[in-house]
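Visitor: Spelled out from the first residue to the last, the chains are:
There are 2 protein chains.
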Amino acid sequence: MAEKINTKVVTGFVELVPEDQIKFNNLKKVIEEQYQVFGFLPIDTPAIERAEVLKANISDETVKQIYQFKRGKKDLALRFDLTVPLARYVADHFNDLNFPFKRYHIGKSYRAEKPQKGRFREFYQADVDVVGVNNLEVDYDLEMLTLVYQTFQKLDVAKFKIRINNRQILSTLIKYLDCGNKEDEILRILDKKEKVGVVEFKKMMLEIGLNNEQVEFLIKFISVRGLDRVVSHLKSFSQIEDDRFKKAIKDFEKLISLIKKLDLDENCFELDLSIARGLNYYTGLVFETNLLDYPEIGSVCSGGRYDNLIATYSSQKMQGFGFSIGLSRLFDQLRELNLLKNNKKTIDLLIISLDSNLDAIEIAKKLREQDLKIDINLSSDNLRKKMKNADKRKVEWVLLVGENEVKNQKYILQNMKTGEKKEVKVGEIREFVK
Amino acid sequence: MAEKINTKVVTGFVELVPEDQIKFNNLKKVIEEQYQVFGFLPIDTPAIERAEVLKANISDETVKQIYQFKRGKKDLALRFDLTVPLARYVADHFNDLNFPFKRYHIGKSYRAEKPQKGRFREFYQADVDVVGVNNLEVDYDLEMLTLVYQTFQKLDVAKFKIRINNRQILSTLIKYLDCGNKEDEILRILDKKEKVGVVEFKKMMLEIGLNNEQVEFLIKFISVRGLDRVVSHLKSFSQIEDDRFKKAIKDFEKLISLIKKLDLDENCFELDLSIARGLNYYTGLVFETNLLDYPEIGSVCSGGRYDNLIATYSSQKMQGFGFSIGLSRLFDQLRELNLLKNNKKTIDLLIISLDSNLDAIEIAKKLREQDLKIDINLSSDNLRKKMKNADKRKVEWVLLVGENEVKNQKYILQNMKTGEKKEVKVGEIREFVK
Chain V
49 MAEKINTKVV TGFVELVPED QIKFNNLKKV IEEQYQVFGF LPIDTPAIER AEVLKANISD
109 ETVKQIYQFK RGKKDLALRF DLTVPLARYV ADHFNDLNFP FKRYHIGKSY RAEKPQKGRF
169 REFYQADVDV VGVNNLEVDY DLEMLTLVYQ TFQKLDVAKF KIRINNRQIL STLIKYLDCG
229 NKEDEILRIL DKKEKVGVVE FKKMMLEIGL NNEQVEFLIK FISVRGLDRV VSHLKSFSQI
289 EDDRFKKAIK DFEKLISLIK KLDLDENCFE LDLSIARGLN YYTGLVFETN LLDYPEIGSV
349 CSGGRYDNLI ATYSSQKMQG FGFSIGLSRL FDQLRELNLL KNNKKTIDLL IISLDSNLDA
409 IEIAKKLREQ DLKIDINLSS DNLRKKMKNA DKRKVEWVLL VGENEVKNQK YILQNMKTGE
469 KKEVKVGEIR EFVK
Chain A
49 MAEKINTKVV TGFVELVPED QIKFNNLKKV IEEQYQVFGF LPIDTPAIER AEVLKANISD
109 ETVKQIYQFK RGKKDLALRF DLTVPLARYV ADHFNDLNFP FKRYHIGKSY RAEKPQKGRF
169 REFYQADVDV VGVNNLEVDY DLEMLTLVYQ TFQKLDVAKF KIRINNRQIL STLIKYLDCG
229 NKEDEILRIL DKKEKVGVVE FKKMMLEIGL NNEQVEFLIK FISVRGLDRV VSHLKSFSQI
289 EDDRFKKAIK DFEKLISLIK KLDLDENCFE LDLSIARGLN YYTGLVFETN LLDYPEIGSV
349 CSGGRYDNLI ATYSSQKMQG FGFSIGLSRL FDQLRELNLL KNNKKTIDLL IISLDSNLDA
409 IEIAKKLREQ DLKIDINLSS DNLRKKMKNA DKRKVEWVLL VGENEVKNQK YILQNMKTGE
469 KKEVKVGEIR EFVK
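First to last, the sequence lines map onto chains V and A. Residues 49 to 482, numbered by the numbering used here, are exactly what the first sequence covers, in order. Residues 49 to 482, numbered by the numbering used here, are exactly what the second sequence covers, in order.
Hints in this document: simulated from the structure, not taken from any laboratory. Certain hints may be false.
[As the list claims (entries may be wrong)] In silico PhoX-like links for lysine-lysine, alpha-carbon gap of 20 angstroms or less:
id: 1; chain 1: A; residue 1: K112; chain 2: V; residue 2: K118
id: 2; chain 1: A; residue 1: K122; chain 2: V; residue 2: K56
id: 3; chain 1: A; residue 1: K77; chain 2: V; residue 2: K393
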């Protein structure tokens with residue numbers, strides 16, 4: 049006991065004070081409600097997986113970030129995302145699930161990243177995926193994009209834009225430019241374009257062996273943004289005679305129809321041919337979501353179509369579309385920008401017991417039966433100290449319960465913001481504090 | 049890819065199919081709501097702690113169960129309960145918290161236990177604690193017992209009994225019997241009494257050096273159960289002249305007054321002098337909760353008063369009272385006993401798109417705006433196959449959306465249980481399915 053124990057959380061990890069935790073939980077709840085409203089079902093998987101499951105299909109860079117350990121003879125590891133566990137889950141529970149399988153999963157993942165602003169070693173993600181057997185219509189992808197839209201509408205924290213592309217367009221373009229064998233490298237550089245700027249981007253492209261003409265063509269090709277504009281732009285490249293290219297244009301057109309039909313705000317959507325997404329498992333539509341007034345945050349929600357991901361774990365052919373909101377990161381940045389609404393009270397009422405604590409507990413019981421969130425100060429402190437404590441907690445309402453009040457069955461309800469006092473019966477309290 | 053990857057969860061770990069996950073989430077929600085109604089605030093702490101924090105105050109047996117690993121130079125470990133993290137959290141955030149600090153924490157913990165029925169290596173606990181600086185009135189303990197009562201009333205899964213004792217009574221008795229130096233051993237054996245039976249219990253007591261007379265006295269002393277009966281029983285031991293003994297009797301009397309005053313069901317409470325609780329940090333009231341018709345389950349909710357626990361991490365004197373519901377274990381056993389109510393629908397309505405998927409998505413949007421949980425089948429399967437799929441999912445209502453329906457703005461709403469069909473407008477759907 050004499051030894052001093054370090055009580056700080058481990059570097060790179062985070063925990064919140066209750067007031068912030070309530071805001072975090074509120075953010076999480078809004079997202080979860082939208083996922084449910086769109087018919088997604090919850091799952092939860094163990095944080096600990098066999099190391100081989102996690103390492104089956106990822107880059108060396110990610111492998112280094114995995115928390116790995118041995119237990120007995122087993123090589124175990126903490127999951128680094130919720131997508132690999134989904135793929136394993138679908139493979140393992142295949143016969144118990146109904147397809148298309150729509151699941152959401154809000155949980156913690158772990159990466160031993162270099163500590164930096166907005167990057168945590170333990171972080172919540174809010175993932176949502178739809179997985180079909182053999183084939184999944186692209187209409188599911190389009191519906192998923194409306195879920196992104198609805199979720200950010202409901203969050204109502206800032207103006208946002210969902211920037212959409214299709215990997216097939218990039219892939220057919222790269223093939224057309226005769227750089228087919230460099231597709232992975234080109235996509236990786238493309239994904240970094242906004243971060244590094246156009247000069248560095250060109251340089252990187254030349255370095256991997258593209259010539260000037262190819263790079264200029266690529267830059268011109270990906271520079272157009274908008275909705276109908278992008279479709280016209282794509283149609284102007286009639287020289288790219290690839291069915292995948294044509295199908296992708298059709299899907300864009302269908303998306304635009306849907307946006308108009310559902311009367312969604314067109315300013316929230318953009319086709320952006322420069323979007324590549326870093327992960328190599330995407331095979332179709334891909335997207336990112338940015339908060340327009342806070343471009344420095346980067347994407348707050350991204351995802352796309354994957355047609356082969358689950359094949360690592362299952363012999364059954366499956367196609368999926370999913371996306372993820374980086375909840376911990378989003379929360380951290382919204383909090384810093386002061387964009388989180390403080391509309392969640394911690395408690396509805398604090399009862400200050402002046403004489404008999406049992407009487408105060410009895411009144412609390414009656415109010416709690418009305419689903420009010422009630423705290424009681426049962427300490428032996430005097431009234432002044434109890435009022436000071438109530439003030440410090442920023443509670444809005446306090447109820448004073450002393451011997452006289454109990455005798456008369458009338459209690460003093462005080463608003464801590466306005467100072468206003470009222471004599472009330474127990475039955476009258478709810479309408480004031482709610 | 050050719051290599052076969054084992055997709056089963058690691059032995060001792062568990063994951064649920066969505067239908068069960070919804071039931072689990074429902075159980076969790078009822079508990080969380082009660083914790084909130086009693087004015088407790090949420091916190092969340094990292095699953096990974098410094099190993100020294102976790103190992104500061106626990107038995108060698110528990111140390112062996114900790115998942116430990118090294119990362120760089122750091123010895124890290126996964127938390128094995130939510131109480132140690134609470135103690136660390138309170139010490140670390142002392143200046144940012146309001147006291148008495150009332151927090152709840154529902155989260156996962158990890159123990160590498162031998163796999164056995166109802167024991168998981170990753171498990172949810174639902175913890176709730178109140179911590180006071182210097183001193184915490186016993187009235188808080190009594191209020192906490194009413195929270196246990198309300199929570200199990202709300203869960204409404206089975207008849208339950210909260211069995212309460214006070215460590216001070218056992219401690220003063222052991223001192224009176226002149227076995228003061230064997231207190232820890234006696235409590236440990238006492239805690240196993242129900243499991244091992246009275247014969248083995250006697251044998252174990254004799255083995256640690258008690259004589260026959262002491263053991264008989266102890267057995268007689270702890271054999272009385274009830275409420276007022278136990279108080280009279282205790283008062284008959286006027287030879288135990290210890291203030292702690294007398295204070296404990298007063299607290300029991302106060303608890304009985306509270307139960308009567310709040311008109312709680314007296315059958316749900318019992319003073320039971322044989323309750324010891326295994327953990328050595330308890331210093332006052334301790335309790336367990338049993339489901340009366342399922343004694344084999346053991347305690348489903350237990351806790352007590354601790355006056356020195358936080359001292360391991362802080363120089364500030366603090367007293368606390370807390371308890372824990374073993375959520376994963378409780379869920380597993382209630383599910384097995386078929387005691388979980390299936391009152392949570394997965395979704396409210398499944399839309400079956402027959403022709404234009406965009407039309408179906410538009411109708412879904414309108415219904416989702418009414419907070420209905422809507423899934424849509426957008427696949428190219430025919431109607432028969434889609435109906436079969438709806439049946440398999442056990443949805444209650446389906447809505448058929450085809451070209452004709454869209455033209456007439458009237459859709460076919462079908463109840464999958466009764467087979468009943470209705471022609472409805474979009475605005476009429478909510479009242480049927482809710």
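Visitor: Take the hints in turn and mark each one as holding or not.
Guide: To see whether the hints hold, each was checked on the structure:
The straight-line distance between the Cα atoms of K112(A) and K118(V) is roughly 14 angstroms, inside the 20 angstroms bound, and the hint therefore holds. For the suggested pair K122(A) and K56(V), the alpha carbons sit about 14 angstroms apart, so the restraint of at most 20 angstroms is met. Of the supplied pair hints, the one linking K77(A) and K393(V) holds, its CA atoms being roughly 18 angstroms apart against a limit of 20 angstroms.
Going through the hint list in order, the structure satisfies each hint without exception.
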